[in-house]
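Let chain A serve as the given structure and place chain B on it in line with the hints.
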Amino acid sequence: NAGVTQTPKFQVLKTGQSMTLQCAQDMNHEYMSWYRQDPGMGLRLIHYSVGAGITDQGEVPNGYNVSRSTTEDFPLRLLSAAPSQTSVYFCASSSANEQFFGPGTRLTVL
Amino acid sequence: GQQVMQIPQYQHVQEGEDFTTYCNSSTTLSNIQWYKQRPGGHPVFLIQLVKSGEVKKQKRLTFQFGEAKKNSSLHITATQTTDVGTYFCAGPRNTNAGKSTFGDGTTLTVKP
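Just so you know, the protein sequences line up as chains A and B, in that order. Here my numbering is used: position 45 in the first sequence is 45, and no number is missing along the way. Here my numbering is used: position 96 in the second sequence is 96, and no number is missing along the way.
Chain B on its own, in the form it takes in the complex:
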């Protein structure tokens, strides 16, 4: 079945450093979503990418969808302590929006 792999599993950075997490799928995805989960919290939707090669920005966060629609990345510029948490990518299992395959996530810690 479809698998979504994320690397790295953990990332520790000094405040102000950049951070990137990568997501790779074994199959072509119709879209990819990114979620953030704060410690002790629940996943919160960040963004959805749909088009091949798409790049979207949200303040210090940059999201990319690969040309082949099998990989994606999330880059955070100049991390802040508020960025701590686990970042998940998710691809649809099929066209059903309610059925997604989540990566195992990248947990980011930021040292002030």
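Same shape as in the complex, but just chain A:
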């Protein structure tokens, strides 16, 4: 099992560009989430999904879209990147208890 995989590992964007952060899990987990982590801070929930076809907003959803067409994949789309979206993004999946995190994507928006 690869667990939770994320691509890319690093990305630099210019303000206004769009991109998709990929996340995939091979544990057949129903729950998947996207978090962002800023320096010295905890993890803030962006969007989450309780199963294929179902998504909902977290604490900081503005500027991000998600979809869940399959159990395995949960991509995060930045519609028009802004410098405030410079952060490390973590995807996580879970069954009933612990969350398994991917290695993260470090995004810089210039």
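Calculated directly from the structure, the hints in this document are not laboratory data. Fair warning: there could be bad hints in the mix.
In the EDC-like style, the derived pairs of lysine to aspartate or glutamate whose C-alpha atoms are separated by at most 20 Å in a straight line are [as the list claims (entries may be wrong)]:
no.: 1; chain 1: B; residue 1: K111; chain 2: B; residue 2: D83
no.: 2; chain 1: B; residue 1: K51; chain 2: A; residue 2: E98
no.: 3; chain 1: B; residue 1: K57; chain 2: B; residue 2: D83
no.: 4; chain 1: B; residue 1: K99; chain 2: A; residue 2: D38
no.: 5; chain 1: B; residue 1: K99; chain 2: A; residue 2: E72
no.: 6; chain 1: B; residue 1: K57; chain 2: B; residue 2: E67
no.: 7; chain 1: B; residue 1: K57; chain 2: A; residue 2: E98
no.: 8; chain 1: B; residue 1: K59; chain 2: B; residue 2: E17
no.: 9; chain 1: B; residue 1: K99; chain 2: A; residue 2: D56
no.: 10; chain 1: A; residue 1: K14; chain 2: A; residue 2: D38
no.: 11; chain 1: A; residue 1: K9; chain 2: A; residue 2: E72
no.: 12; chain 1: A; residue 1: K9; chain 2: A; residue 2: E59
no.: 13; chain 1: B; residue 1: K56; chain 2: A; residue 2: E98
no.: 14; chain 1: B; residue 1: K36; chain 2: A; residue 2: D38
no.: 15; chain 1: B; residue 1: K59; chain 2: B; residue 2: D83
no.: 16; chain 1: B; residue 1: K59; chain 2: B; residue 2: D104
no.: 17; chain 1: B; residue 1: K111; chain 2: B; residue 2: E15
no.: 18; chain 1: B; residue 1: K99; chain 2: A; residue 2: E59
no.: 19; chain 1: B; residue 1: K99; chain 2: A; residue 2: D73
no.: 20; chain 1: B; residue 1: K99; chain 2: A; residue 2: E30
no.: 21; chain 1: B; residue 1: K51; chain 2: B; residue 2: E67
no.: 22; chain 1: B; residue 1: K36; chain 2: B; residue 2: E17
no.: 23; chain 1: B; residue 1: K59; chain 2: B; residue 2: D18
no.: 24; chain 1: B; residue 1: K36; chain 2: A; residue 2: E98
no.: 25; chain 1: B; residue 1: K111; chain 2: B; residue 2: D18
no.: 26; chain 1: B; residue 1: K99; chain 2: A; residue 2: E98
Positioned in the frame of chain A, the structure of chain B alone reads:
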């Protein structure tokens, strides 16, 4: 909404000293989870506590869940350099396991 507060934000210890981080919630939690994030890494699950007053041990780590299920602590005995990292507590926003509120974490540094 539900808030989870952690103290201290930073802790610097000499190797061999003990370390404790505290987590407090504004509401009663059905459970609490603890995660460790090494520098440059991703959060890794350590443990989940469910019962009021529960105490669990993992080698030198002791986890407690308060009687009112609104606070928790993680205590490390005789810290080692391998303990460095940021320790997060997390409480569920509701019964949904995939939707958690994380504290801001306590970053531990250990001086050899």
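Hints and how they fare:
Our distance criterion of 20 Å between C-alpha atoms is met by K111 of chain B and D83 of chain B, whose separation comes to about 11 Å. Of the pairs offered as hints, the one joining K51 of chain B and E98 of chain A holds, with about 16 Å between alpha carbons and a cut-off of 20 Å not exceeded. Simply put, K57 of chain B and D83 of chain B have alpha-carbon atoms about 15 Å apart, close enough for the 20 Å limit, and the pair holds. Between K99 of chain B and D38 of chain A the alpha-carbon distance is near 19 Å, which keeps this suggested pair within the 20 Å criterion.
Note on K99 of chain B and E72 of chain A: the hinted pairing holds, with a Cα-Cα distance of about 18 Å set against a maximum of 20 Å. Of the supplied pair hints, the one linking K57 of chain B and E67 of chain B holds, its CA atoms being roughly 17 Å apart against a limit of 20 Å. Distance check on the hinted pair: K57 of chain B and E98 of chain A sit about 17 Å apart at the alpha-carbon level, within 20 Å; holds. Taking the CA atoms of K59 of chain B and E17 of chain B, the gap is near 15 Å; set against the 20 Å cutoff, the hint holds.
For the given pair, K99 of chain B sits about 10 Å from D56 of chain A by alpha-carbon distance, which is consistent with the 20 Å threshold. Pair hint K14 of chain A plus D38 of chain A holds up; C-alpha atoms about 19 Å apart against a cutoff of 20 Å. Of the supplied pair hints, the one linking K9 of chain A and E72 of chain A holds, its CA atoms being roughly 19 Å apart against a limit of 20 Å. Under the criterion of a C-alpha separation no larger than 20 Å, the hint pairing K9 of chain A with E59 of chain A is inconsistent with the structure, at around 24 Å.
About 16 Å separates the Cα atoms of K56 of chain B and E98 of chain A, which keeps this hinted pair within 20 Å; it holds. Distance hint between K36 of chain B and D38 of chain A is fulfilled; the C-alpha atoms sit about 16 Å from each other, no more than 20 Å. For the suggested pair K59 of chain B and D83 of chain B, the alpha carbons sit about 12 Å apart, so the restraint of at most 20 Å is met. For the suggested pair K59 of chain B and D104 of chain B, the alpha carbons sit about 25 Å apart, so the restraint of at most 20 Å is broken.
Simply put, K111 of chain B and E15 of chain B have alpha-carbon atoms about 6 Å apart, close enough for the 20 Å limit, and the pair holds. Pair hint K99 of chain B plus E59 of chain A holds up; C-alpha atoms about 10 Å apart against a cutoff of 20 Å. Using a Cα cut-off of 20 Å, the hinted pair K99 of chain B and D73 of chain A holds, with the two alpha carbons roughly 17 Å apart. Proximity of K99 of chain B to E30 of chain A is assessed by CA-CA distance (about 12 Å); at most 20 Å being required, the pair is judged to hold.
A hinted pair counts as satisfied when its Cα atoms are at most 20 Å apart, and K51 of chain B with E67 of chain B qualifies at roughly 8 Å. Restraint check: the Cα-Cα separation between K36 of chain B and E17 of chain B comes to about 19 Å, which is no more than 20 Å; the hinted pair holds. Proposed proximity of K59 of chain B and D18 of chain B is supported: the alpha carbons are some 13 Å apart, at most 20 Å. Our distance criterion of 20 Å between C-alpha atoms is met by K36 of chain B and E98 of chain A, whose separation comes to about 12 Å.
With a CA separation close to 12 Å, the supplied pair K111 of chain B and D18 of chain B stays within the 20 Å bound. Taking the CA atoms of K99 of chain B and E98 of chain A, the gap is about 11 Å. The hint holds against a cut of 20 Å.
Comparing the model with each earlier hint shows violations of hints 12 and 16; every other hint is respected.
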